[in-house]
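A.B. asks: Spelled out from the first residue to the last, the chains are:
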Amino acid sequence: MNKVIRIFTWDSAVAPLVAIVLGLLFGALVMLVGGYNPIAAYSALFSRIFGNWYDFGEAVREITPLILTGLSVAFAFRTGLFNIGAEGQFIMGMTGATFIGVKLTGLPWIVHAPLAVLAGALLAGLWGGIAGYLKAKRGVNEVITTIMLNWIALFLSNYIVNRFLLQPGQQRSYMIQDSASMSIGWLSELLDNARVHWGTLVAILAAVVFYIILWKTRQGYELRAVGHNVHAAQYAGMNVNRSIVKAMFISGIFAGLAGVFEVLGVFHYQVVAAASPGYGFDGVAVALLGANNPLGIVLGASLFGGLTYGSAGMSFGADVPPEIIRIVIGSVIFFVATQGIVKWVLIPFYGKRKKEGAL
Amino acid sequence: MSAAPVVELVNITKRFPGIVANDAISLKLAQGEIHALLGENGAGKSTLMNILFGLYQPDEGSIRLHGKEVSIDSPNRAIELGIGMVHQHFKLVQPFTVAENIILGMEPKKGVRIDYRSARDKVRRLSEQYGLRVDADARIEDISVGMQQRVEILKTLYRGADILIFDEPTAVLTPQEISELMVIMRNLVKEGKSIILITHKLKEIMEIADTVTIIRRGKVVDTLARESANPQLLAEKMVGRGVSFKVEKQAASPGAPVLEVQGLTARNHQGLAALKGINLTVRSGEILGIAGVDGNGQSELIEALTGLRPVDGGKVLLGGKEITGLTPRTISEAGLSHIPEDRHKHGLVLDFTMSENMVLETYFHREYNRRGLLNYEAIDRHAEALIRKFDVRTPSIYNKARSLSGGNQQKAIIAREIDKNPQLLIAAQPTRGLDVGAIEFVHRQLIEQRDHGKAVLLISFELDEIINVADRIAVIYEGQIVGEVLPQETTDREIGLMMAGSGRTQGGDGGA
Amino acid sequence: MEALTILGQLFNTTLVFSTALIFAALGGIFSERSGIVNIGIEGLMVSGAFASAVGSYYAEQADLGALSPWIGLVTAAVFALLFSLIHAVATITFKADQVISGVVINFLAAGVTVYLVKILFEGAGQTETLNEVFSKWAIPGLAKIPLLGYGLFTAYPTTFLALILVAVSWYVLFKTPFGLRLRSVGEHPSAADTVGIKVKRIRYIAVMISGALAGMGGATITLTTTSNFSHNTISGQGFIAMAAMIFGKWHPAGALGAAVFFGMAQALNNFLQLFDFSKHIPQEFLYMLPYVLTILVLAGAVGRAKAPSALGEPYDPGKR
Chain A
1 MNKVIRIFTW DSAVAPLVAI VLGLLFGALV MLVGGYNPIA AYSALFSRIF
51 GNWYDFGEAV REITPLILTG LSVAFAFRTG LFNIGAEGQF IMGMTGATFI
101 GVKLTGLPWI VHAPLAVLAG ALLAGLWGGI AGYLKAKRGV NEVITTIMLN
151 WIALFLSNYI VNRFLLQPGQ QRSYMIQDSA SMSIGWLSEL LDNARVHWGT
201 LVAILAAVVF YIILWKTRQG YELRAVGHNV HAAQYAGMNV NRSIVKAMFI
251 SGIFAGLAGV FEVLGVFHYQ VVAAASPGYG FDGVAVALLG ANNPLGIVLG
301 ASLFGGLTYG SAGMSFGADV PPEIIRIVIG SVIFFVATQG IVKWVLIPFY
351 GKRKKEGAL
Chain B
1 MSAAPVVELV NITKRFPGIV ANDAISLKLA QGEIHALLGE NGAGKSTLMN
51 ILFGLYQPDE GSIRLHGKEV SIDSPNRAIE LGIGMVHQHF KLVQPFTVAE
101 NIILGMEPKK GVRIDYRSAR DKVRRLSEQY GLRVDADARI EDISVGMQQR
151 VEILKTLYRG ADILIFDEPT AVLTPQEISE LMVIMRNLVK EGKSIILITH
201 KLKEIMEIAD TVTIIRRGKV VDTLARESAN PQLLAEKMVG RGVSFKVEKQ
251 AASPGAPVLE VQGLTARNHQ GLAALKGINL TVRSGEILGI AGVDGNGQSE
301 LIEALTGLRP VDGGKVLLGG KEITGLTPRT ISEAGLSHIP EDRHKHGLVL
351 DFTMSENMVL ETYFHREYNR RGLLNYEAID RHAEALIRKF DVRTPSIYNK
401 ARSLSGGNQQ KAIIAREIDK NPQLLIAAQP TRGLDVGAIE FVHRQLIEQR
451 DHGKAVLLIS FELDEIINVA DRIAVIYEGQ IVGEVLPQET TDREIGLMMA
501 GSGRTQGGDG GA
Chain C
1 MEALTILGQL FNTTLVFSTA LIFAALGGIF SERSGIVNIG IEGLMVSGAF
51 ASAVGSYYAE QADLGALSPW IGLVTAAVFA LLFSLIHAVA TITFKADQVI
101 SGVVINFLAA GVTVYLVKIL FEGAGQTETL NEVFSKWAIP GLAKIPLLGY
151 GLFTAYPTTF LALILVAVSW YVLFKTPFGL RLRSVGEHPS AADTVGIKVK
201 RIRYIAVMIS GALAGMGGAT ITLTTTSNFS HNTISGQGFI AMAAMIFGKW
251 HPAGALGAAV FFGMAQALNN FLQLFDFSKH IPQEFLYMLP YVLTILVLAG
301 AVGRAKAPSA LGEPYDPGKR
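Protein chains in written order, with the numbering used here: chain A, 1 to 359; chain B, 1 to 512; chain C, 1 to 320.
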């Protein structure tokens with residue numbers, strides 16, 4: 001019994017839960033200030049996610065890319081890098097997948113779809129690798145390069161769509177061939193046409209792969225060493241530069257997969273975008289919520305995606321501006337980050353528990 | 001002198017979680033006195049002085065200045081009361097100039113702006129009055145360690161300190177600079193200051209202190225006047241048992257050359273020449289000690305030998321095979337082990353477990369790594385064995401390296417490096433920050449390796465360590481080996497001169 | 001010659017784009033020079049843009065006429081300053097991870113501002129369009145210089161303010177005691193502490209200054225370009241400002257140069273479209289230009305920028 005209790009230590013379970021509760025409370029407070037009804041809002045939120053099968057399926061769809069971009073950012077963090085470029089890598093993933101999905105014809109699904117996935121993933125990996133290379137070889141801060149590459153990706157992908165893939169008279173590409181689609185038709189039908197796709201499975205697998213790479217492989221050992229202490233890694237004979245590039249490449253692949261499945265599984269085309277979709281930036285939040293830990297990221301993405309999807313319900317059902325959700329999420333991250341405040345709030349509930357070097 | 005003591009600490013007690021750092025310590029500092037505070041690392045000297053300087057508050061006890069009880073709740077208050085501290089790890093802002101560092105926090109103003117001219121003048125005046133040579137406009141990152149220390153001293157004088165606390169001031173100085181410091185301290189006393197000197201160096205105490213207070217495990221062991229003290233007595237009181245200064249070892253029987261360095265040249269981080277043609281040889285079964293003041297090329301030499309720094313010219317041979325310019329990993333695999341001087345920065349990944357740290361250089365070997373997947377069972381078993389063999393104190397191999405004490409961290413690193421069974425073992429500052437017990441352990445290990453036929457290259461700033469442990473001594477100065485002596489045939493003075501650039505044959509000027 | 005006039009116009013357009021970046025980059029410099037990473041510049045710009053739209057609107061309603069945009073500017077500085085206190089408290093007092101806290105600021109700002117817009121303006125997605133915004137000033141005399149005069153010497157008052165602030169920032173940081181202490185806190189907080197400097201207090205002030213400046217940067221966009229605030233008034237400028245700060249090596253003059261560079265690359269974009277040959281270049285590549293140029297310059301010339309040594313580490317007096 002003691003072991004079970006020890007699993008739920010402060011750090012692993014209680015603190016994030018308390019942070020979530022505090023975040024929701026803060027959101028309720030903000031709603032009250034604005035004259036809205038928090039209870040109506042939260043119940044509308046809840047029923048929007050769990051109310052019927054369609055919504056549930058769509059919520060899962062919303063969560064999927066967040067898992068992948070969260071993994072992307074977290075993987076980079078673990079290696080000591082700040083990948084704020086998941087956004088651009090996402091876009092390149094979309095573009096690669098769209099290109100192969102539209103242009104190649106006459107291939108069976110078993111070949112076409114995986115090829116499209118691969119194309120998108122590799123293109124995105126390359127995109128991340130560019131930033132990695134610049135950091136390794138030229139010492140250029142990866143924050144700047146990835147920000148720049150985000151914009152470049154946006155315009156580049158627009159160019160590719162406009163020039164090679166444009167459906168006449170539309171602001172988007174042609175639909176991808178059916179043989180490239182990653183939607184799960186029969187499941188969609190069961191869920192009243194919610195757009196479910198294989199990407200969700202891939203995302204979960206990706207979390208497992210994340211764990212295996214970092215903690216079971218030799219490559220992961222090196223990457224973690226570089227992330228913790230680049231000097232010691234160097235002294236130990238590790239090739240730090242190559243590690244940086246590899247890390248950004250893998251990180252890019254994760255983010256790229258998110259984009260791949262948005263095209264192959266959800267929309268089946270790619271728009272000429274005026275602004276970037278935002279999944280990459282949200283990935284930063286998910287990574288932080290999940291403490292850069294694969295299980296935490298899956299849970300964090302679920303929280304984030306669920307709340308975001310449900311927020312539409314708040315405006316329809318309770319007439320509450322959905323921006324509240326950004327405030328809730330922001331506060332949850334805040335409370336996760338400032339564990340000191342959380343502990344301070346909970347001192348009265350701790351009673352006799354003495355903690356060494358507490359606050 | 002019947003006047004009240006300048007400083008009196010009465011029954012100072014300070015507790016931290018799990019330890020009593022200071023236990024009812026009482027100490028008196030008379031006007032114009034140099035009072036040494038002697039104790040091992042961790043004995044409580046720094047804590048006591050931090051209390052005097054207002055960085056900590058005592059749990060019990062009181063402080064009296066000139067007979068009046070005072071409460072010192074912050075460094076600002078201490079400074080107001082005339083107490084100044086010259087820190088062991090200099091508190092200097094690297095990109096700022098000497099003048100800026102001295103005036104920081106008490107800047108002379110002309111309207112809204114800093115009056116740099118008045119600042120420079122004041123610095124110059126103080127510098128002349130106390131004989132502390134500094135260049136007011138030089139940046140800290142460009143000046144020598146000796147000058148940096150003088151800046152630290154000037155900081156206290158600028159704020160009108162009458163009571164100066166020196167925390168391990170000689171750790172980073174050449175013998176010449178240490179003599180200069182002694183002169184400076186005597187000057188300060190002549191100008192009316194009183195000094196507390198924290199140190200664990202017995203020789204210096206015998207030379208300059210008027211009184212010694214010995215602290216062990218937080219308690220005062222004794223307070224002696226210099227006349228009644230001698231190094232043996234002090235050491236025994238400090239450690240609590242008989243201490244022999246000599247390291248027990250048999251004579252060396254060196255064999256074939258293992259490391260041969262010929263004409264090695266290399267540049268430092270800023271692109272300036274750091275190694276200007278190094279020649280040395282280390283044979284199997286011998287310990288070659290390299291003496292020298294920090295900053296004369298030691299770091300660059302180690303980096304060049306271990307493959308971390310590009311070599312511009314010359315050759316390095318390990319066991320007859322050339323290793324010049326090869327990658328660190330290739331060199332390590334060829335039989336070179338290295339105990340780095342900064343164990344936190346280079347020796348360990350503090351956030352890895354002890355088990356993961358034990359394979360930091362070998363994780364890719366066949367027994368731990370199968371087709372890219374690591375065999376953690378084998379890694380763990382290996383770590384268990386090493387930790388037991390070298391008596392590294394840790395609750396388990398799964399604890400993060402961060403949680404171990406400095407001594408145990410160093411033991412772990414040494415265990416790992418020796419376990420690689422190298423031809424050559426390079427040890428850089430291997431006993432920095434360790435207590436007497438750990439230091440004995442390290443020295444024993446080095447001698448054992450030498451007795452097993454390894455070649456050992458020992459680089460240290462502690463002259464005593466080199467003299468006691470090494471079989472042969474080479475002195476490095478400005479990127480060159482300027483002399484080689486045998487420990488039993490030389491004197492501190494001779495080595496000190498070489499360390500400062502005056503070779504055995506000609507004179508030169510002293511340290512910077 | 002036409003070339004000179006065009007050059008003047010290019011310069012002018014550059015300044016318009018750069019001004020917001022200059023404010024925000026200066027803000028970033030103050031914060032980071034004191035050792036606090038501030039990723040939340042984007043969010044602070046958002047709050048500034050929002051507050052300026054609201055403040056200016058209400059000033060107009062109160063018939064304050066031409067004073068309105070100035071009131072908007074002040075409102076922006078104050079609102080963003082208060083917002084930045086969240087970051088300060090989290091990172092300085094509670095020693096939270098500075099990157100995380102910055103991300104929080106961005107989220108909260110995005111949510112709170114649009115939410116407040118909906119509350120204040122009856123569910124609308126953006127603020128009412130302002131009637132009174134800044135219009136360009138001409139420096140008397142100089143602006144009348146033929147050909148170049150218009151280009152070089154007319155600008156929005158916010159641009160002049162930004163340039164003045166660059167000089168002021170430089171002076172404060174490098175000539176005053178406050179600046180010396182601030183920089184010492186960012187390089188070696190322990191050294192500053194032992195000479196009696198209040199590390200936490202200086203960091204609080206630095207973060208608040210960064211809030212005010214970034215807020216003014218956001219306000220610039222509203223008060224000179226868009227005349228209102230909506231959820232995409234600020235989209236990425238904060239991050240570009242951070243890039244400018246790093247590019248400019250945390251020095252006010254450097255940041256100015258970098259911000260002008262970015263602005264110029266942006267203006268070049270518009271500028272090239274005037275020429276015929278540009279019709280052969282796909283539009284998207286012209287849009288990409290500033291970003292590609294930045295990477296090329298960084299990769300080629302700059303060399304490793306050295307950040308303040310204690311940047312990103314919370315100051316723990318216990319660890320001496």
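Check the hints yourself; a few may be wrong.
[As the list claims (entries may be wrong)] The calculated DSS-like cross-link candidates involving lysine-lysine, where the alpha carbons are at most 27 Å apart (straight line), are: (1) A:Lys137 with B:Lys345; (2) C:Lys198 with B:Lys110; (3) B:Lys122 with C:Lys175; (4) B:Lys400 with C:Lys95; (5) B:Lys122 with C:Lys95; (6) B:Lys109 with C:Lys198; (7) B:Lys109 with C:Lys175; (8) C:Lys200 with C:Lys175; (9) B:Lys249 with B:Lys389; (10) A:Lys216 with B:Lys420; (11) C:Lys249 with A:Lys137; (12) B:Lys315 with B:Lys219; (13) B:Lys237 with B:Lys201; (14) B:Lys400 with B:Lys389; (15) B:Lys28 with B:Lys68; (16) B:Lys345 with C:Lys95; (17) B:Lys420 with B:Lys389; (18) B:Lys68 with B:Lys249; (19) B:Lys122 with A:Lys216; (20) B:Lys345 with A:Lys216; (21) C:Lys95 with B:Lys110; (22) B:Lys109 with B:Lys122; (23) B:Lys28 with B:Lys315; (24) B:Lys109 with C:Lys95; (25) B:Lys345 with C:Lys249; (26) B:Lys190 with B:Lys201.
Treat the hints as calculated values from the structure; they're not laboratory data.
A.B. asks: Within 27 Å, alpha carbon to alpha carbon, are Lys28 of chain B and Lys68 of chain B?
C.D. replies: 13 Å, holds
A.B. asks: Can you confirm whether the C-alpha distance between Lys109 of chain B and Lys122 of chain B stays at or below 27 Å?
C.D. replies: 13 Å, holds
A.B. asks: Does Lys95 of chain C pair with Lys110 of chain B here, judged by a C-alpha cut-off of 27 Å?
C.D. replies: 36 Å, violated
A.B. asks: Could you grab the alpha-carbon distance between Lys400 of chain B and Lys95 of chain C and see if it respects the 27 Å cut-off?
C.D. replies: Status holds; Cα separation ~22 Å.
A.B. asks: Quickly compare the C-alpha distance for Lys190 of chain B and Lys201 of chain B to 27 Å and report which way the hint goes.
C.D. replies: 24 Å, holds
A.B. asks: Tell me if the straight-line CA distance from Lys345 of chain B to Lys249 of chain C falls inside 27 Å.
C.D. replies: 26 Å, holds
A.B. asks: Within a Cα-Cα threshold of 27 Å, do Lys249 of chain C and Lys137 of chain A meet the stated pairing?
C.D. replies: 19 Å, holds
A.B. asks: Taken at face value, is the distance from the CA of Lys110 of chain B to the CA of Lys198 of chain C at most 27 Å?
C.D. replies: Status holds; Cα separation ~22 Å.
A.B. asks: Holds or violated: are the alpha carbons of Lys249 of chain B and Lys389 of chain B at most 27 Å from each other?
C.D. replies: 22 Å, holds
A.B. asks: Within 27 Å, alpha carbon to alpha carbon, are Lys237 of chain B and Lys201 of chain B?
C.D. replies: 14 Å, holds
A.B. asks: Hint check: Lys345 of chain B vs Lys216 of chain A, CA-CA at most 27 Å. Holds or violated?
C.D. replies: 25 Å, holds
A.B. asks: Need the status of pair Lys345 of chain B, Lys95 of chain C: alpha-carbon distance at most 27 Å?
C.D. replies: Roughly 23 Å separates the two Cα atoms, so the pair holds.
When held up to the earlier numbered hints, the structure conflicts with 5, 12, 18, 19, 21, 23, 24 and fits the remainder.
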